[in-house]
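J.: Here are the chains, one letter per residue:
Number of protein chains: 2
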Amino acid sequence: MGLEFLQGLAVPARTKMVMIIMDGLGGLPLKPGGKTELETARTPNLDALASQSVLGLTVPAGPGISPGSGPGHLGIFGYDPLRYEIGRGALEALGVDFDLHPDDVAARGNFCTVDATGVVVDRRAGRIPTEVSRELAGLLRAIRFEDVQFFVEMVKEHRFAFVMRGPGLGEALTDSDPHQKGLPPLPVRTLEPGSEKAARLANRFIDQARELLARHSPRVATNMILLRGFDRLPRVPTYQELFGLRAAAIAVNGMYRGVARLVGMTVLDVDGITPADEFAALERSWGDFDFFYLHIKKTDTAGESGDFAGKVRAIEEVDALLPRVTALNPDVVIVSGDHSSPAVLRSHSWHPVPTLVYGKDVRADGIAQFGERACGRGSLGMLPAKDVMPIALANAQRLGKYGA
Amino acid sequence: MGLEFLQGLAVPARTKMVMIIMDGLGGLPLKPGGKTELETARTPNLDALASQSVLGLTVPAGPGISPGSGPGHLGIFGYDPLRYEIGRGALEALGVDFDLHPDDVAARGNFCTVDATGVVVDRRAGRIPTEVSRELAGLLRAIRFEDVQFFVEMVKEHRFAFVMRGPGLGEALTDSDPHQKGLPPLPVRTLEPGSEKAARLANRFIDQARELLARHSPRVATNMILLRGFDRLPRVPTYQELFGLRAAAIAVNGMYRGVARLVGMTVLDVDGITPADEFAALERSWGDFDFFYLHIKKTDTAGESGDFAGKVRAIEEVDALLPRVTALNPDVVIVSGDHSSPAVLRSHSWHPVPTLVYGKDVRADGIAQFGERACGRGSLGMLPAKDVMPIALANAQRLGKYGA
Numbered sequence: 115m116g117l118e119f120l121q122g123l124a125v126p127a128r129t130k131m132v133m134i135i136m137d138g139l140g141g142l143p144l145k146p147g148g149k150t151e152l153e154t155a156r157t158p159n160l161d162a163l164a165s166q167s168v169l170g171l172t173v174p175a176g177p178g179i180s181p182g183s184g185p186g187h188l189g190i191f192g193y194d195p196l197r198y199e200i201g202r203g204a205l206e207a208l209g210v211d212f213d214l215h216p217d218d219v220a221a222r223g224n225f226c227t228v229d230a231t232g233v234v235v236d237r238r239a240g241r242i243p244t245e246v247s248r249e250l251a252g253l254l255r256a257i258r259f260e261d262v263q264f265f266v267e268m269v270k271e272h273r274f275a276f277v278m279r280g281p282g283l284g285e286a287l288t289d290s291d292p293h294q295k296g297l298p299p300l301p302v303r304t305l306e307p308g309s310e311k312a313a314r315l316a317n318r319f320i321d322q323a324r325e326l327l328a329r330h331s332p333r334v335a336t337n338m339i340l341l342r343g344f345d346r347l348p349r350v351p352t353y354q355e356l357f358g359l360r361a362a363a364i365a366v367n368g369m370y371r372g373v374a375r376l377v378g379m380t381v382l383d384v385d386g387i388t389p390a391d392e393f394a395a396l397e398r399s400w401g402d403f404d405f406f407y408l409h410i411k412k413t414d415t416a417g418e419s420g421d422f423a424g425k426v427r428a429i430e431e432v433d434a435l436l437p438r439v440t441a442l443n444p445d446v447v448i449v450s451g452d453h454s455s456p457a458v459l460r461s462h463s464w465h466p467v468p469t470l471v472y473g474k475d476v477r478a479d480g481i482a483q484f485g486e487r488a489c490g491r492g493s494l495g496m497l498p499a500k501d502v503m504p505i506a507l508a509n510a511q512r513l514g515k516y517g518a
Numbered sequence: 115m116g117l118e119f120l121q122g123l124a125v126p127a128r129t130k131m132v133m134i135i136m137d138g139l140g141g142l143p144l145k146p147g148g149k150t151e152l153e154t155a156r157t158p159n160l161d162a163l164a165s166q167s168v169l170g171l172t173v174p175a176g177p178g179i180s181p182g183s184g185p186g187h188l189g190i191f192g193y194d195p196l197r198y199e200i201g202r203g204a205l206e207a208l209g210v211d212f213d214l215h216p217d218d219v220a221a222r223g224n225f226c227t228v229d230a231t232g233v234v235v236d237r238r239a240g241r242i243p244t245e246v247s248r249e250l251a252g253l254l255r256a257i258r259f260e261d262v263q264f265f266v267e268m269v270k271e272h273r274f275a276f277v278m279r280g281p282g283l284g285e286a287l288t289d290s291d292p293h294q295k296g297l298p299p300l301p302v303r304t305l306e307p308g309s310e311k312a313a314r315l316a317n318r319f320i321d322q323a324r325e326l327l328a329r330h331s332p333r334v335a336t337n338m339i340l341l342r343g344f345d346r347l348p349r350v351p352t353y354q355e356l357f358g359l360r361a362a363a364i365a366v367n368g369m370y371r372g373v374a375r376l377v378g379m380t381v382l383d384v385d386g387i388t389p390a391d392e393f394a395a396l397e398r399s400w401g402d403f404d405f406f407y408l409h410i411k412k413t414d415t416a417g418e419s420g421d422f423a424g425k426v427r428a429i430e431e432v433d434a435l436l437p438r439v440t441a442l443n444p445d446v447v448i449v450s451g452d453h454s455s456p457a458v459l460r461s462h463s464w465h466p467v468p469t470l471v472y473g474k475d476v477r478a479d480g481i482a483q484f485g486e487r488a489c490g491r492g493s494l495g496m497l498p499a500k501d502v503m504p505i506a507l508a509n510a511q512r513l514g515k516y517g518a
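As they're listed, the protein sequences go chains A and B.
According to my numbering, the stretch in the first sequence is residues 115 to 518, in order.
According to my numbering, the stretch in the second sequence is residues 115 to 518, in order.
The set of hints was computed from the structure by calculation and includes no laboratory data.
Be aware that one or more of the hints could be misleading.
All copies of an identical chain are treated as equivalent in the list; a pair is satisfied when it fits inside any one copy or across any two copies.
Pairs of lysine-lysine residues, derived as DSSO-like cross-links and limited to a Cα-Cα distance of at most 27 Å, are as follows [said to hold, decoys possible]:
no., residue 1, residue 2
1, Lys-311, Lys-515
2, Lys-149, Lys-270
3, Lys-130, Lys-270
4, Lys-474, Lys-130
5, Lys-474, Lys-270
6, Lys-515, Lys-270
7, Lys-311, Lys-145
8, Lys-149, Lys-311
9, Lys-145, Lys-270
10, Lys-295, Lys-474
11, Lys-515, Lys-474
12, Lys-149, Lys-295
13, Lys-130, Lys-311
14, Lys-295, Lys-130
15, Lys-311, Lys-474
16, Lys-295, Lys-145
17, Lys-149, Lys-515
18, Lys-270, Lys-311
19, Lys-149, Lys-474
20, Lys-515, Lys-295
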């Protein structure tokens, strides 16, 4: 079932939808037979909501696939992550709130250190402070060739997003980053016809960057840049185009703001960085949008650093805030994750993600628990993450009848 | 898994299959936490059959999609309803048992009322009685232009099915129906090359119809017709072609007889209109076919009119008749619906449909209850409706091994 098909069924409504994404929500027990992070957490509010919901386990990109944040989010947002692929360069630029245009070519950049022979001795230039990088990035912004603009946008420490904007650029380019020490930076080469101009100008930019960095502070070890992951944005139909939804995103971290912007969400300002600050932003803008995506980062951060107890606490923190959402009387609430990040694995994983869809017209499963095993018994079963959004839209009375 | 693939595996057998479709079977509780219509109904025979069956919840057209009867039936019949789309005009003609040919162009028609300036003042001509419409339709049947025949088949009250048959007709046509009062009927226009002749003759037909209606009874307010939803039949491979099945349909209402005919079923005469009459037709023709589709309308009628108790009674009526099916010793029995029609929603809905597949070789779930929640625990899980038919065919020993 394609998005075009859903688009044809979309009807206007005055309903409000909230999607709470706890990043990396799915987990694993510390020991076989034990409880996962979510099952361990005391979650009276999520459990109560679960009892009035349909439950299932979502598969973000495909069975056995451990997705990154980009595909994980596209999946739960209702898009097939295998069809709409966001490359790392584009994600990096989106992540720093750069207004990436459809024809821009983006890459990830590092400041690095090369020795006198031009060989990379530190791919991260000793993780220089962000303030130093910001100054160096300012230098590079002066570069301009032919009819092409270059953007150098700081991420943090040694990392920046690199963007080329101008006519006739292609994104089929190899990395200049050799991906290991002891090798010199590589020339950017074309992978397909049509990217010759982009390759030529990327190489000229790198040469010029080396000169500028050397001139700026010849004794400083930050004397070169590396570019990798050239790509451009996929064309993604927006929530407004598809469903007539005025959608807002509440996320502190740049990458999630970027992915949300890609599907046409308005990214709201958050006054602070805690989950409570995010819930406050939701309350403030409640009247202005139909759909709210609220992203919680802490669950994934804890999962990826192996902090089982920290992930449990992060989930309990969200549970304690949940009544602030239900107090707004939303028509539909989705609680899920973009992927699993079990603390015992210290990484994103392929495990399906506990998911609930609440609405007054759901045929509730009558399972008063929100956890991996509980969701596995839910009537949604194990389902592609992209199927959640149509179910949520139906519950929000935003999909009309198909056929007679 | 496509139908062509299944066709390649089909093998002959002498088994008998029965598919009982309770229209709009799936429901919702009256109050959160309560029981659905099916869960409320006393269904000892269905429960006993369930205990020897595999259970699941079928998704007729796609997650979140509320299907009409056409796509709902195509789904449970084993076809992808998004691939085989039946337009409204074709459905209307099928619905009145009109023998629609593959190249016929069909539309929905209304008798209507226009004022002296030609503006539509009543799109339904005061919902004139069917007998009056039938007489007027008789007038219009006299119309014939060039090498094209026109059919005007009564549905009921002001509604009729309109069919054009002849060489060189296309169906890419706009409606003459302005879809609101206060506007004149619109000329039929072509949407694609190839439909010019059809547009021209449809407009000539409409002009002629106006003259005939005026001449017939100048003071009667039924003085015009409106046509909408021009289309033709999709090409659907039949049960005979796909599976070598001699299939029969037992349905009282025209639309279901029409959809059954589309997939190549022989529509049986029913002596009466009650479910008991339908079960009698099944018994009478038991020796003549391999596959029987038996359609019960009452469940949907009650659901769509918000009559929870009436839907419960309709289900109990079918349950009481079920022993007449099991007495025939069928090899496979499917009990399902074409979609859900919860009484609380008074409409078709997106909720998945309780479904059982009985056969002597099923790996029974051991759940002695036929209801939404019970089926949600079944081993079939939540599955596309079109996947039920292959499972049923396998249980009827009508699918051979794939590969060596």
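J.: None of the hints should be skipped; say for each whether it holds.
T.: Cross-check of the supplied hints:
1. Lys-311 - Lys-515: Neither: 50 Å inside a copy, 32 Å across copies.
2. Lys-149 - Lys-270: Classified as neither: same-chain Cα gap 36 Å, cross-chain 56 Å, threshold 27 Å.
3. Lys-130 - Lys-270: neither (36 Å within a copy, 40 Å between copies)
4. Lys-474 - Lys-130: Within one copy only: 12 Å inside a chain, 42 Å across chains, cut-off 27 Å.
5. Lys-474 - Lys-270: This pair counts as neither: shortest intra-copy Cα distance 44 Å, inter-copy 36 Å.
6. Lys-515 - Lys-270: For Lys-515 and Lys-270, the Cα distance is within 27 Å only across copies (23 Å; inside one copy 49 Å).
7. Lys-311 - Lys-145: Classified as neither; 55 Å inside a copy, 65 Å across copies.
8. Lys-149 - Lys-311: neither (55 Å within a copy, 67 Å between copies)
9. Lys-145 - Lys-270: Neither: 36 Å inside a chain and 53 Å across chains, both beyond 27 Å.
10. Lys-295 - Lys-474: neither (58 Å within a copy, 36 Å between copies)
11. Lys-515 - Lys-474: within (19 Å within a copy, 37 Å between copies)
12. Lys-149 - Lys-295: neither (42 Å within a copy, 64 Å between copies)
13. Lys-130 - Lys-311: neither (47 Å within a copy, 48 Å between copies)
14. Lys-295 - Lys-130: neither (52 Å within a copy, 33 Å between copies)
15. Lys-311 - Lys-474: Answer is neither; intra-copy 56 Å and inter-copy 51 Å both fail.
16. Lys-295 - Lys-145: Classified as neither; 39 Å inside a copy, 66 Å across copies.
17. Lys-149 - Lys-515: Between. Shortest inter-copy distance 25 Å satisfies the 27 Å Cα cut-off; intra-copy 42 Å does not.
18. Lys-270 - Lys-311: neither (29 Å within a copy, 67 Å between copies)
19. Lys-149 - Lys-474: So Lys-149 and Lys-474 pass the 27 Å test across copies only (15 Å; inside, 30 Å).
20. Lys-515 - Lys-295: Intra 59 Å, inter 24 Å, cutoff 27 Å: inter-copy only.
Checked against the numbered hints above, the structure breaks hints 1, 2, 3, 5, 7, 8, 9, 10, 12, 13, 14, 15, 16 and 18 and satisfies the rest.
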